[in-house]
Amino acid sequence: MNETARPISDGAEKELGQVYKLHTHGEVELVDYLGTDSSIASAARTSYQKSEGKTEEADRKLIKRLWHDRHTSPFEMVNLTFRIRLPIFVMRQHVRHRTASLNEWSFRYTKCPELFYAPSEDNVRTQSRTNKQMSGDALPADSALKAKNIIEATNKKAYATYQELLDIGVAREQARVVLPVSAYTQIVWSIDMRNLLHYFSLRLAEDAQPEIQDYAKIMADIVQKGWPMIWEAYSAPK
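In the working numbering, the protein residues as written are 17 to 254.
Hint data in this document are derived by calculation from the structure and do not stem from the laboratory. All values reported here derive from a predicted model rather than from experimental measurement. It is possible that part of the hints are untrue.
[Stated by the list, open to error] Restricting the straight-line Cα-Cα distance to at most 25 angstroms, the calculated cross-link-like pairs of lysine to aspartate or glutamate (DMTMM-like) are:
#, residue 1, residue 2
1, K241, E73
2, K254, D223
3, K37, D48
4, K162, D183
5, K70, D26
[As the list claims (entries may be wrong)] Here are the computed distance ranges between Cβ atoms for each label pair:
#, residue 1, residue 2, range
6, L218, K37, 34 to 44 angstroms
7, T146, E29, 36 to 46 angstroms
8, A163, R22, 42 to 52 angstroms
9, K233, Q143, 18 to 28 angstroms
10, T62, S122, 34 to 44 angstroms
11, T62, S151, 44 to 54 angstroms
12, S117, R22, 17 to 27 angstroms
13, H113, G152, 24 to 34 angstroms
14, E130, K254, 39 to 49 angstroms
15, G152, V193, 29 to 39 angstroms
16, K254, K173, 24 to 34 angstroms
Don't be surprised by glycine CBs; every beta carbon is placed ideally from N, CA and C.
All chains should be modelled from the sequences, with the hints used to inform the complete structure.
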């Protein structure tokens, strides 16, 4: 590993390049980061010009107090960059968090690969009876299998149609109109810690769609390993 003068997190260093797989073809990988737990404490102490000689325990207490008191601007001094492969229907929820920066796979520039999401049989759900945007209980086994088969057949047919359009000379930017939101895309997504924690508060909530919860859980686990003081403060009882 190249030597660096910047602060590093041993936990985050171990996470760099680790590819976590989920669902049909999903992936989450931490590809870069800037800042550590102590970066937040140091930034906060700039307010009163006392940052030298502080212990790890002093940093821990300060970070807890900052989060508890909602003095969150120092948390913006830490930044994480992920590579994420996810279905387009999950991506549409993910990009609602407009405080992040991202670059996405272009299906104008490249051909869409044959990668599609389909739920497992035990993860096909009914519509909630009490919340118009949530799912409810698991569908009965026979109906779940039928639903899974329909989704997979639809994915296959859509890709065959896409390929047929390409074969007769249709431009990629137009041929893609037949692709369903189950198609996988890929992004590089960069976000500061303050806004990532806000993302967790929404996407780890019980009423969040389970598929995006699964992505949030992986990123939260990475934060817990790489920035344990921050995670401890975030997870503390309100």
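Hint check results:
| no. | hint | in the structure |
| --- | --- | --- |
| 1 | K241 / E73 | 17 angstroms, holds |
| 2 | K254 / D223 | 19 angstroms, holds |
| 3 | K37 / D48 | 18 angstroms, holds |
| 4 | K162 / D183 | 31 angstroms, violated |
| 5 | K70 / D26 | 19 angstroms, holds |
| 6 | L218 / K37: 34 to 44 angstroms | 24 angstroms, violated |
| 7 | T146 / E29: 36 to 46 angstroms | 45 angstroms, holds |
| 8 | A163 / R22: 42 to 52 angstroms | 50 angstroms, holds |
| 9 | K233 / Q143: 18 to 28 angstroms | 24 angstroms, holds |
| 10 | T62 / S122: 34 to 44 angstroms | 40 angstroms, holds |
| 11 | T62 / S151: 44 to 54 angstroms | 46 angstroms, holds |
| 12 | S117 / R22: 17 to 27 angstroms | 20 angstroms, holds |
| 13 | H113 / G152: 24 to 34 angstroms | 26 angstroms, holds |
| 14 | E130 / K254: 39 to 49 angstroms | 46 angstroms, holds |
| 15 | G152 / V193: 29 to 39 angstroms | 32 angstroms, holds |
| 16 | K254 / K173: 24 to 34 angstroms | 49 angstroms, violated |
Hint compliance for this structure: hints 4, 6 and 16 are broken, all remaining hints hold.
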